[in-house]
Amino acid sequence: MINFLKKILGIKTIDFKELVHNGALIIDVRTAAEYNNAHLRNAKNIPLQDLKAAMETLIKTQPIITCCASGVRSESAKAILKNNGFEAYNGGSWKNLEKKLKS
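Residue numbering for the sequence shown follows full-length UniProt numbering, beginning at 1 and increasing consecutively.
Any given hint might turn out to be false.
Simulated restraints, written as ranges between beta carbons of each label pair [to be verified]:
id	residue 1	residue 2	range
1	Asn84	Asn45	15 to 23 Å
2	Gln49	Lys82	15 to 23 Å
3	Gln49	Asp15	26 to 34 Å
4	Thr13	Ala53	28 to 36 Å
5	Ser70	Thr13	19 to 27 Å
6	Lys99	Glu56	27 to 35 Å
7	Gln49	Ser103	30 to 38 Å
8	Lys100	Ser76	16 to 24 Å
9	Asp15	Ala53	28 to 36 Å
10	Lys102	Ala69	16 to 24 Å
Hints were generated in silico from the structure; no laboratory data involved. Every residue, glycine too, gets a C-beta built ideally from N, C-alpha and C.
Let's have the full structure, built from the sequences with the hints guiding it.
See the structure below:
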């Protein structure tokens, strides 16, 4: 039923594992203290408040997956990146993204 509704509404399921396999960059937008406490392996820490300044160091042709503690800041980061011409996806919380990447 859920897949049927997704198909009718045009909702696509994002394969984060495949994105990473194909070279996507994971950006953890939590604070440095949160990131240093625990984070996804190979995730780059760019706190949300520093994202606009850091965009010049990012490659526009490289897909980006954002993550944070709950998915709220990562959604904001995704919107900022998309509005600036990046291919960006909200991975939600880093813990849930970690599970998706392992499955």
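Cross-check of the supplied hints:
no.	hint	in the structure
1	Asn84 <-> Asn45: 15 to 23 Å	holds, 19 Å
2	Gln49 <-> Lys82: 15 to 23 Å	holds, 18 Å
3	Gln49 <-> Asp15: 26 to 34 Å	holds, 30 Å
4	Thr13 <-> Ala53: 28 to 36 Å	holds, 33 Å
5	Ser70 <-> Thr13: 19 to 27 Å	holds, 20 Å
6	Lys99 <-> Glu56: 27 to 35 Å	holds, 32 Å
7	Gln49 <-> Ser103: 30 to 38 Å	holds, 32 Å
8	Lys100 <-> Ser76: 16 to 24 Å	holds, 20 Å
9	Asp15 <-> Ala53: 28 to 36 Å	holds, 31 Å
10	Lys102 <-> Ala69: 16 to 24 Å	holds, 19 Å
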